[in-house]
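Spelled out, the chains give:
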Amino acid sequence: MRSVDVARTALGNTFRSKLRTALTVVAIVIGAFTLTLTSGLGAGVNKYVDNVVAGFGDSSQLFVLNAGAGDAEPTEGPAEYDPEAATGSGGMFGPGTGGGLLTESDVETIEGIDHVSGVDPVVMVSPDYLETADGGQYDLDLDSPANAVGLELAAGEAPGDDGMDLSIPEEWLTIYDTEDPEAVIGETVQIGISDVTGEQTSVEAEVVGVTEEALSGIGATPMPSRELNQELSDLSMQGYEGQAEQAYSMAVVDVDDLAANEDSVKNALTDEGLLGMTVEDQIGAVQGVIDAVSWVLSGFGLIALLAASFGIVNTLLMSVQERTREIGLMKALGMSSGKVFGLFSMEAVVIGILGSVIGVVLGLGAGLIGNAWLTGESGPLGGVAGLTLFAVDPLSILGITALIIGIAFLAGTLPAARAAKKDPIEALRYE
Amino acid sequence: MSIPVLETENLVKVYGKGATRFDALKGLTFEIHEGESVAIVGKSGSGKSTLMHLLALLDEPTAGVVALEGEPVNKLKPKKISQLRNDTFGFVFQQFFLNPNQSVLENITLPLKIAGMGKSERNRRGMEVLEQLDMADKAKNKATNLSGGQKQRACIARALVNKPTVLFADEPTGNLDTATSEIVEDILFGLHRDYGITLVVVTHDEDLAAKCQRRLMMQDGEIVTEEHGVKEVQA
Ligand SMILES: Nc1ncnc2c1ncn2[C@@H]1O[C@H](COP(=O)(O)OP(=O)(O)OP(=O)(O)O)[C@@H](O)[C@H]1O
Ligand SMILES: [Mg+2]
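Going down the list, the protein sequences come from chains A and B.
If you read the first sequence in the working numbering, its first letter stands for residue 2, the second for the next number, and so on.
If you read the second sequence in the working numbering, its first letter stands for residue -7, the second for the next number, and so on.
Looking at chain A on its own, in the form it has when it is part of the complex (with noise of 0.2 Å):
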């Protein structure tokens, strides 16, 4: 029997029992979907993460956190005063990734520590308004600049360590009515701030940037240059009585030959009770979420074509009951029991390939079309600059393609094999 003759054959029995074909073609579809959407997801977010990555250049420097905090255990009640572990909030480093605040004595454990090269402790204001130069005020929070290595510019540049400078999110452009963000560049704001004991004070700030949002929502806040943060940090303790214990959200380090001492820097602050993270750890930890989740979802992919390949076993197992006087009929009329083997196995094939090739369609114009609607100029996910959801790997859809059929291959050799061992002359003799 020639291939052509026993690919077509197995085509035609496939679709003898339509609707028996149809719904173990269904089971397979349903993995296949699966694994392209999560696959696509995966590599959709991924690439927009590396972007993003690739976009902080090679930095040398090492976000510290007081660790504290973020170990506590959960307890039942009231939770007991520990004066050491002050907590703070806001920005990126807040109680999110879970850290108390940094005082004097962690910045100065911080400069003994190896291969630390400077350490630049970073203030957290919380300003009441800002003001623009026709009177509107508006709401007011501030980001830390020490995520400035991650902004994404839409015009102008980044709020550096001088200068009373700050930059804008593309968002804030309808306070100038416009769309254009070189046109707000050079914009003077007020920022006004209450001190100690409630009175407000305003500084003058120049708008330096205007920034699209990251996934890591750096972006999304306006963002004060370091000698802004500093000089709005003092107005706030104005009129306190006594010595203020200054108290620090994070600290940004630099280590001499990060890539060589990182380690050792690292362990060196967890055994102070603090915590050291590159721009790699903090987006490879969003990172690392997305790849779980898109691991748990392939994993019920997984599941689904497992329970798929039982679905094609027993389907072929009742084909070769039923066709038993067929197949002991070919034998007679001298089939080699290979051909007999691998007209069956095709027949499992042909089901993994209809399955495989509808559920991946599927699962493309559902990736892209959902991708298209969620990032599109008015989705939900919409201000996201650069952000893409779903990207197609041909790769992994190949891969996934070879995968499915390569189950139902394995799953059509049991029933092949019983179709291959049949004697012609029982299978001849059966009723």
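In short, the hints are calculated from the structure, not lab data.
Take the hints with a grain of salt, since some may be wrong.
Result set (DSBU-like, lysine-lysine): computed pairs, CA atoms no more than 35 Å apart in a straight line [what the hints assert, rightly or not]:
1) K35/B x K19/A
2) K422/A x K203/B
3) K132/B x K422/A
4) K223/B x K422/A
5) K422/A x K67/B
6) K267/A x K67/B
7) K19/A x K132/B
8) K422/A x K134/B
Here are the simulated distance ranges between beta carbons [to be verified]:
9) D424/A x K67/B: 17 to 27 Å
10) M319/A x K72/B: 25 to 35 Å
11) K111/B x Q322/A: 26 to 36 Å
12) G8/B x A403/A: 45 to 55 Å
13) Q205/B x Q322/A: 36 to 46 Å
Some residues of chain B that are not near chain A, with every Cβ distance over 12 Å (derived) [claimed, not checked]:
14) G19
15) E28
16) S41
17) T42
18) D51
19) G56
20) L90
21) K132
22) L138
23) H196
Don't be surprised by glycine CBs; every beta carbon is placed ideally from N, CA and C.
Since the structure of chain A is already known, use the hints to place chain B with the ligands on it.
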């Protein structure tokens, strides 16, 4: 004398073991020559089909030898035996075994498809045989829609399509009424006469057996008598 197409030596077939042991064939030795028509006759259960299956290389004997054109087949590989069956033999089975979902043409060209022949050549040969049997107009019909006699003719067409040297027919008229039986008999003996096909017919039908040149009478797994010459059918 020429080498016989088929010969057997001390052919034994035993089914089962121990208490259920059944000796279906008890040491048969005979020859079938090219162009002969041979009937294997006997009561039900006497071992006719068993013998035919052994001769047609569909089954292996418990002991003894089957030789095809002077060559013992028990040493051949299964694949080679399959191929020999496909090339050399045509089968008409005790039941029709037509695939109800396929057309008559597809059904009867199955041996050619198995042999690996291309589709257009298959169909050409298939139509040729169908015309020979007056069935050309039914070629595209589904096999289920045929009458009993037409089904049997389709089976004969399938047996002939690969131009076999030996045609085996197990009760070819067993399922048919007398009139249709006669048509089928005429076709079989016409082929034998016109194309020199060796005919091995298993039957318990006296009339059919009488038309063969030789009759092997079987009883309890043994050939008890052997008759030669075409017998006149007594009215
Ligand atoms: N697989 C088997 N296992 C056990 N016994 C078998 C088997 N096949 C056939 N037999 C027995 O062998 C004997 C011969 O069977 P066979 O089919 O050759 O008879 P037959 O002469 O063709 O009969 P009929 O005219 O009814 O077709 C019978 O008694 C049958 O029961
Ligand atoms: Mg029989």
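Hint numbers contradicted by this structure: Numbers 1, 2, 4, 6, 16, 17, 18, 20, in rising order.
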